[in-house]
Amino acid sequence: MKNKIFIKILALFLIAVMTLPLLTACSVRKVPAGKLALTSVGTVNGKDVLYEELYYLTANYLPSLKTIYGDDTESLKKWLRDTVYENIVTNYAMLSLCEDMGVSVDEKRLNENIQAEIDALVEAECNGSRSDYRDMLKKVNMTDHYMRETTRVELLYSELPAKYMSQGLVPSSEDAIISYVSENFVRTQHIAVLVENGESLEENMEKAQQALNDYENGKYTFSKLIGSKYNEDLSPQTNNDGYYSAKGTMDKMYEKAAFSLEINGVSGIVEGTGLSNITGDPVPCFYIIKRLEIDNEYIKENLSDIQNKCADALIAKDLDEKKAELEFKPNDFGSSLDLTSLDYPKDGFDFFVLFIVIACLIVVALIVLAIAFVIIRRKKRIEARRAKRALK
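Just so you know, we're using the numbering used here here: the sequence shown kicks off at 90 and counts up by one.
Any given hint could turn out to be false.
[As the list claims (entries may be wrong)] Here are the simulated distance ranges between beta carbons:
| no. | residue 1 | residue 2 | range |
| --- | --- | --- | --- |
| 1 | Arg223 | Met342 | 25 to 31 Å |
| 2 | Glu295 | Val194 | 49 to 55 Å |
| 3 | Gly135 | Glu292 | 42 to 48 Å |
| 4 | Ala205 | Glu295 | 42 to 48 Å |
| 5 | Val194 | Ser164 | 41 to 47 Å |
| 6 | Ala251 | Glu214 | 26 to 32 Å |
| 7 | Asn306 | Thr239 | 45 to 51 Å |
| 8 | Glu292 | Ala265 | 43 to 49 Å |
| 9 | Asp409 | Val194 | 50 to 56 Å |
Everything labelled a hint here was simulated from the structure, so no lab data went into it. Since the model is a prediction, treat every value here as computed from it, not as a measurement. For every residue, glycine included, the Cβ atom is placed at its ideal position computed from N, Cα and C.
Whole structure, please, built from the sequences with the hints as guidance.
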């Protein structure tokens, strides 16, 4: 009887150990963050800023600033610090704006949505492999903990357009939308020459200048220039619609140049920032911009999309005001860091793996004990039979 009970307990334990990894395999388990990643480097609005966030921003801005400042180490350090410190307040400004607007999401549902976003990302970009996901995180200078935190902020922030519309802050009638667009939007086409793949500013400046020369000399119309070898903006803009962009939603230098142009005017070379076609990170960029007249018929035909752009513009304006109110205050540790040579925040110890290993060892030990138990029982039975025969 005891033997059967022991075997049943062993079987149940073995099933539990084998089933647990299968249950967790349905979603991507969290990757524990290491001690360095979770170390505070300062505060924004009284909330701790962790090393992992400082590292992410620094690692993404450093390559483009190196392209600009080269061997001028002191200028590089200054501009890197100023750029990172200015942008590190963004997530906190987004959360503050969400709080002001009364964005409230059930925490359980929010966590489920975060997990769903991570699962979708891993499936799409890493073929469902957690190991490949960890490699990808390192390539994009993130930890899993920070990935989940930024996803949390983005999901909350995505609730704002509906909040703005429900509170009547976004123009809703056709006339109101057209009026808002005419005062706050600019319609443009452009070509973009991105500085990436180790290219120098000088090389790309020459390329942009050659493009401008070819346009001014009549070799290309502006539409043909967009489709030429010079343009590295991969988004479709070969039709006549162009981009409808609101104040506060564009690169600052691009916006300044675009609004300063007359209708159908073409800019000179505008040095700004674009997004890399390879990594999606900000990189230096040279633009040549053409301003077009806003088409009210286009607005009427695309009223819903334009209204969403109006909401984005209003949110961006309020976000900029929030960012201006906030300041990153580094602590002693944060102030001591050389931003040009930060260490990657390694992952922490995965106790789940330790549990599985220990559980497997226990199973092996129990199996050995079970085998030994069976052998001993069998041996005792054999000896008992022999003793019984000897008595006869």
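Cross-check of the supplied hints:
{"no.": "1", "hint": "Arg223 / Met342: 25 to 31 Å", "verdict": "37 Å, violated"}
{"no.": "2", "hint": "Glu295 / Val194: 49 to 55 Å", "verdict": "50 Å, holds"}
{"no.": "3", "hint": "Gly135 / Glu292: 42 to 48 Å", "verdict": "46 Å, holds"}
{"no.": "4", "hint": "Ala205 / Glu295: 42 to 48 Å", "verdict": "47 Å, holds"}
{"no.": "5", "hint": "Val194 / Ser164: 41 to 47 Å", "verdict": "43 Å, holds"}
{"no.": "6", "hint": "Ala251 / Glu214: 26 to 32 Å", "verdict": "28 Å, holds"}
{"no.": "7", "hint": "Asn306 / Thr239: 45 to 51 Å", "verdict": "46 Å, holds"}
{"no.": "8", "hint": "Glu292 / Ala265: 43 to 49 Å", "verdict": "47 Å, holds"}
{"no.": "9", "hint": "Asp409 / Val194: 50 to 56 Å", "verdict": "24 Å, violated"}
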